[in-house]
Structure formats: structure tokens, C-alpha cells
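Chains as they are written, first to last, in UniProt numbering: chain Z, 1 to 220; chain F, 1 to 418.
Hints listed in this document are in silico derivations from the structure and should not be mistaken for laboratory results. The C-beta atom is built at its ideal place from N, Cα and C for all residues, glycine as well. Check each hint, because a few of them may be wrong.
Claimed, not checked - Listed next, the in silico SDA-like pairs over lysine to any residue satisfying Cα-Cα at most 25 Å (straight line):
| hint | chain 1 | residue 1 | chain 2 | residue 2 |
| --- | --- | --- | --- | --- |
| 1 | Z | Lys-192 | Z | Gly-134 |
| 2 | Z | Lys-200 | Z | Ala-180 |
| 3 | Z | Lys-200 | F | Pro-313 |
| 4 | Z | Lys-200 | Z | Val-185 |
| 5 | Z | Lys-200 | F | Gln-210 |
| 6 | Z | Lys-200 | Z | Leu-183 |
To be verified - Over the 10 Å line for every Cβ pair with chain Z, so calculated as not near, a few chain F residues:
| hint | residue |
| --- | --- |
| 7 | Val-46 |
| 8 | Val-49 |
| 9 | Leu-182 |
| 10 | Ala-247 |
| 11 | Leu-279 |
Said to hold, decoys possible - Per the computed footprint, the stretches of chain Z lying under chain F, defined by three or more beta-carbons under 8 Å from a beta-carbon of chain F, are:
| hint | stretch |
| --- | --- |
| 12 | 22–29 |
| 13 | 39–48 |
| 14 | 68–82 |
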Amino acid sequence: MPTPVRPLRIVLAEDAALLREGLVGILERAGHDVVAAVGEADALQAYVRRDHPDVVITDVRMPPTHTDEGLRAAVAIRAGHPDIAVMVLSAYVAESYVAELLDSAPAAGVGYLLKDRVGHVREFLDSLARVADGGTVVDPDVVRQLLRRRRDDGPLAALTEREREVLALMAEGRTNGQIAQLLVVSEAAVRKHVGSIFAKLPLDPAGDRRVSAVLAYLRG
Amino acid sequence: MSSFPDAWTAVRGRPWRFLASAWPWRSVLYVASTVPVGIVVLVVLVTVVGVGLLTAVVIVGVLALLRVPLITRVVAAVERWRLRLVQPQPAGRRTSWREQLRAWRSLPVAWSEIGYAVLLSTVLLAVDGLALAVLSAPVVLIASPLFWQVTPGEMEVAGWRVDTVGEAWLAVPVGAVLLLVLAYLLTWLACGQAALARLLLDPPEERLQQAVAELRRSRSGLVDAFAAERHRIERDLHDGVQQRLVALTMTLGSAELEVEDGPGLELVRAAHRQAEDALADLRATVRGIHPQVLTDHGLVAAVHEIADRFPVPVGVDLALPERLPAPVENAAYFVVSESLTNVARHARAGRADVRAWVEQTGGVLVLTVTDDGVGGADAAQGSGLAGLAARVEALDGTLLVTSPVGGPTQVRVECPLR
């Protein structure tokens with residue numbers, strides 16, 4: 001297994017012991033340092049205060065109510081420790097989760113992945129590295145579903161069907177070349193679509209327009 | 001049986017038509033049959049209550065006493081059947097004895113039935129016995145010439161001394177007149193008795209309402225228990241198999257990174273894919289049993305989730321308060337899920353719409369699932385909609401499917417929020 005560019009100090013919260021141990025195994029084999037692995041949100045916050053890790057990985061659903069304790073903790077950590085990156089794992093797509101997580105005070109990197117993604121170890125580790133470096137990673141499935149959901153209203157209403165398709169592929173992290181291949185058009189055509197998406201969506205000119213095109217939309 | 005619908009109408013009709021009808025005879029039969037029935041009831045009640053009281057110390061007696069309402073219920077059934085002699089009932093659905101017995105057991109104790117049984121075995125038995133005795137008088141009077149033939153000489157008929165054969169013949173018209181009078185009296189008696197039986201034996205509104213309320217409670221209890229059970233199964237699957245499968249995919253994912261290129265790696269990758277397929281199947285199953293997102297986030301999030309996975313565009317417009325009561329939420333979710341499944345399977349629709357709102361006045365959830373497909377859906381035929389209708393009805397709601405051939409199809413649910 002390749003040693004990561006940067007070994008990370010990680011606090012992990014996951015209530016299912018089997019998964020917790022599996023994740024710890026993957027992370028440690030990748031050369032990261034799991035300083036604490038806990039099964040509930042309160043303990044997560046306590047360890048974050050004590051150990052101040054680089055990254056927090058947390059499940060959404062944890063005891064005692066098994067609803068969104070992990071997410072609440074993630075939002076609180078982002079607010080209280082703007083320099084700690086947060087990666088949230090969820091068993092299913094819930095729009096409110098994504099919105100809450102992205103809407104919480106802008107800070108270090110943030111990620112929202114479906115749990116299934118963890119099995120793709122290399123992708124998972126890549127996503128983790130990107131989040132640790134301050135990036136934003138939203139699960140491709142989540143992006144696809146959210147893009148579908150807003151078909152009728154919101155900023156996407158201004159886009160054409162083709163532009164929406166291009167945006168969906170952008171959100172999955174595809175390059176213009178890959179998009180051209182997938183849609184069977186020329187790369188120049190894709191560039192034209194991307195340009196018109198940037199023009200139609202209200203984007204922050206300072207940031208990475210590619211990322212903010214997706215985020216502007218996800219924030220609703 | 002002539003044109004009179006019952007004895008009471010007959011006895012108030014024209015005398016000749018009444019007397020020529022079967023009603024006087026039926027009334028006599030009614031009154032007469034009271035006597036043996038009354039005696040049997042008297043014997044049974046006295047035996048059961050007597051034995052019950054005597055052995056009450058050793059519990060057995062208490063059990064016997066507890067059987068009294070059941071006995072009186074049987075008596076009531078026999079009496080309702082006997083009532084048809086004077087008050088024929090329009091034929092309804094015949095229930096089997098087994099069904100009736102089950103129904104009787106579940107009904108609350110009917111004191112009026114016990115009261116009627118006691119009345120039957122005492123007052124009614126005495127009165128009808130007396131009436132029968134009186135009825136023997138005109139019979140004997142009419143038959144007195146016959147008696148004279150057999151044993152000439154002095155005789156006493158119903159307290160009347162008959163000395164000569166002429167007097168014996170005179171007794172015949174007296175007996176006939178008395179018979180006519182008694183026909184009236186006995187019919188009136190039968191009618192009065194029937195009215196009394198009706199009063200005590202007809203299930204009063206209150207008892208019916210009580211029984212209906214009890215049924216409704218137990219039915220919604222079943223629905224709740226069912227939902228709780230699904231929830232438990234979902235949790236078991238989620239905490240058990242699902243976690244193990246995710247752990248397996250993680251292990252296989254890690255192995256992919258460790259194993260060197262070659263047939264070994266291909267096998268690991270294949271195993272990984274298979275594990276993921278199993279996981280996907282399991283998730284689909286769990287979603288069908290009791291979706292997690294519904295429990296955690298309620299109907300709005302759960303319906304959005306269905307819509308997102310749906311092959312046809314689904315417009316979702318849910319104007320709902322934060323959370324609905326769990327049973328309503330569950331039923332509504334499965335209505336949406338099943339309706340959309342039907343749309344995908346049969347409707348050939350280009351679009352579907354899910355709308356829901358709460359009617360302010362009544363606290364009633366209204367939910368509609370509409371598609372622009374070919375229509376012609378029938379809730380009664382197969383489709384899961386029939387089961388869903390039952391589920392909604394258990395919550396006192398209604399499920400209505402309108403689907404003219406050519407479309408559009410609409411499933412509409414109205415369900416009180418309790």
C-alpha cells in the first residue's frame with residue numbers, strides 16, 4: 001500500500017464496531033495515525049478537543065437516538081475548530097445533511113461520502129487526502145441525486161438539458177476531456193457548455209469556479 | 001301466511017283476515033314454545049349458578065359463573081330465532097355458528113341478555129304456562145259433546161257443570177267464541193313478549209359502538225405492532241448483515257491494494273464486486289421493509305429519496321409540518337413507494353407528481369400521486385394497492401384510485417392524523 005503524501009492524525013467516530021475496526025485498519029495501513037476511534041458523538045467531540053486531529057471522520061447515525069448525532073457533531077466541530085477537516089459518512093442520501101454540512105461556517109475541507117464508498121479503498125483515501133488539503137468532496141451519487149432533485153426550480157432552471165448533464169459530470173470530478181468522451185461531443189463543445197454554465201450561475205469569481213458551480217447549486 | 005308482514009300488523013287488521021291468517025297459530029306456537037325453552041333455561045341457570053355458588057371457593061365455581069353470560073348469549077340467539085315466528089326478519093347474510101360463537105366471546109357482557117334469560121325462565125314461563133292452560137278451556141268446551149258421547153253423565157268443563165247433552169252442545173259455540181277471543185289475547189301476548197325480547201335482545205347502539213371502538217383499537221394496535229416489527233427487522237439487518245457486508249467490502253478493497261497484478265487480483269476484484277452487489281440487494285430489501293431515512297428524517301426526505309432513484313421525473317411538493325405521526329408517515333411512504341413502482345411498471349408515464357398537504361380544519365393528511373400515463377389501473381386487481389388500501393383504512397383513512405383508460409392516473413389518500 002502506498003504511503004500517503006502526508007500522514008494524517010485522525011479521530012474516527014463510528015458506532016458499528018466492525019466498521020470502526022475496518023476503517024482503522026484501512027487508515028493505519030495507509031500510514032495515517034488514528035489517535036482515537038469512538039462509538040458516539042460526545043466522545044468524538046471530547047477527543048477532538050483533547051487531541052486536535054487533522055481530520056475527523058464521522059458516521060451520521062450514532063447513539064443514543066440513531067438519527068444525526070454524528071452530523072451535529074461534525075457541524076459543531078467545523079464551527080469550533082475551523083482548521084479541522086471533516087469527513088462525514090452516511091448510509092443514505094439526505095439532502096438536508098449535505099446542505100447543513102456545506103452551510104456550516106466555511107472552514108477547512110469537508111467531505112460527504114456514502115458508506116458504500118469506503119469499500120473502494122483507494123478512492124476513499126484519495127477523497128480523504130483532498131478533504132485534508134482543504135478540498136470539498138461530495139459523493140458522486142449524492143451530487144447526481146441532488147442535481148435531479150432541483151430540476152424544476154433554483155439556479156439550475158436557467159441551464160439547458162445538455163448544460164445540466166455537463167454540470168453533473170463536473171460535479172463527479174470529471175475533466176472536460178472525459179466529459180466530451182462520455183457525451184460523445186468534441187472537447188471544444190464541452191468548453192463552450194462549461195463557459196455558459198459559469199455565466200449563468202451566480203458564482204464567486206475568486207474560488208475554483210468548477211467546484212463553486214457545483215456548490216452554488218448544492219447550497220440551493 | 002297472507003299479506004300481513006308480522007303478527008302485530010295482523011292483529012290490528014280486519015278480524016276475518018286476521019283470524020283466517022296464520023298469525024294466530026304462529027302466536028300460539030310462539031307462546032307455547034316459550035314454556036319448554038323457559039324450563040330448559042331455568043334448569044340450566046339454576047344448575048350452573050347453584051353449582052357455581054356452591055363451588056365458588058374452589059375457583060371452579062367462579063369459572064362456571066363466568067360462563068353465565070355465554071349461556072345467556074346462546075339463549076338470546078335461540079330467542080332471536082324464535083322471534084321470527086311473530087316477527088319475520090328480512091333474510092341477511094347467514095353467519096355460521098362458529099363465527100357467531102367467536103363474535104359472542106368478543107362482545108362485552110350483555111346484562112340485558114342475562115336479564116332476559118332470567119325473565120324468560122320465571123315470569124314469561126309462568127305467564128305463558130298460564131296462557132296455555134287457559135287455551136285448553138275452549139278446546140275442552142268445543143270437544144264436550146265428544147266427551148258426552150264417551151262418558152255420558154255429569155261432567156265439569158272449565159268450571160262449568162254440564163248436566164245434559166243439550167248443554168254439552170251449547171258448550172261448542174261458547175268454546176268457539178272463547179277461542180276467537182283467546183286468538184286475539186294470545187296474539188297480543190305474543191306481540192308484547194316479542195317487543196320485550198326485542199327491547200332486551202337487540203344489540204343497543206351503545207354496545208355496538210363499544211364493540212366497534214374496541215375493534216378499531218385492536219386493529220390500529222395490529223398496525224402499530226406490524227410497523228414496530230418492520231422497524232426491528234430493519235435495525236437487525238442494518239446492525240448485522242449490512243455491517244458485515246460493508247466490512248467485507250472494506251477488507252476486499254484493502255486486499256486489492258495489497259495483491260499484485262495477475263489472476264489473484266482479478267479474483268479479489270470479482271469478489272469485491274459480488275460483495276457490493278449483495279450489499280446493494282440488501283439495501284433495496286431494507287428500504288422496502290422500513291427505510292432508515294423515513295425514521296430519521298420523516299416523509300419529506302424519504303419521498304425525495306424515492307423520487308431521486310426513480311427512472312421518470314417526479315415532481316415533489318409536500319407541504320407538511322415537521323413530522324407526522326409514525327403510523328401515518330409509514331402508510332403514506334408506502335403508498336408513494338408502491339404507486340410510483342406501479343407508474344414505472346405499467347403507466348408508460350413521462351412524469352409523475354407527488355403532492356401532500358394537511359387540511360387545516362380536520363387535521364387530515366391528503367396525499368396524491370399522479371402520473372400522465374396510459375391509465376386503466378385497477379386497485380382491485382393484484383397490484384399492491386389493495387394491501388395499501390387496507391393499511392390506510394386501518395388508520396381510518398381512505399385510498400382512492402382514479403384511472404380512466406387513457407389516463408391520467410391518480411392515487412389519493414386521505415388519512416386523519418389521529
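Quick rundown of the hints versus the structure:
Straight-line distance between C-alpha atoms of Lys-192(Z) and Gly-134(Z) comes to about 29 Å, which puts the hinted pair past the 25 Å bound. Straight-line distance between C-alpha atoms of Lys-200(Z) and Ala-180(Z) comes to about 20 Å, which keeps the hinted pair within the 25 Å bound. Proximity of Lys-200(Z) to Pro-313(F) is assessed by CA-CA distance (about 23 Å); at most 25 Å being required, the pair is judged to hold. For the suggested pair Lys-200(Z) and Val-185(Z), the alpha carbons sit about 21 Å apart, so the restraint of at most 25 Å is met.
Our distance criterion of 25 Å between C-alpha atoms is broken by Lys-200(Z) and Gln-210(F), whose separation comes to about 65 Å. Between the alpha carbons of Lys-200(Z) and Leu-183(Z) the distance comes to roughly 21 Å, so the proposed pair stays at or under 25 Å and holds. For Val-46(F), the non-interface assignment is confirmed: its Cβ lies about 63 Å from the closest Cβ of chain Z, beyond the 10 Å cut-off. In this structure Val-49(F) is separated from chain Z by more than 10 Å, as the shortest Cβ-Cβ distance comes to about 58 Å.
Against the 10 Å criterion, Leu-182(F) stays outside the reach of chain Z, whose nearest CB is about 81 Å from its own CB. Listed as outside the interface, Ala-247(F) is inconsistent with that label: its C-beta sits roughly 5 Å from the nearest C-beta of chain Z, within the 10 Å cut-off. With a least beta-carbon separation of about 7 Å from chain Z, Leu-279(F) fails to lie farther than 10 Å from that chain, contradicting its non-interface assignment. Given a C-beta distance limit of less than 8 Å, the hint that chain F covers the stretch 22–29 of chain Z holds, as 5 residues qualify and 3 suffice.
Counting residues of the stretch 39–48 of chain Z whose C-beta sits closer than 8 Å to any C-beta of chain F gives 0, which falls short of three, so the coverage hint is violated. Coverage of the stretch 68–82 of chain Z by chain F is violated in this model, with 1 residues showing a Cβ closer than 8 Å to a Cβ of that chain against a need of three.
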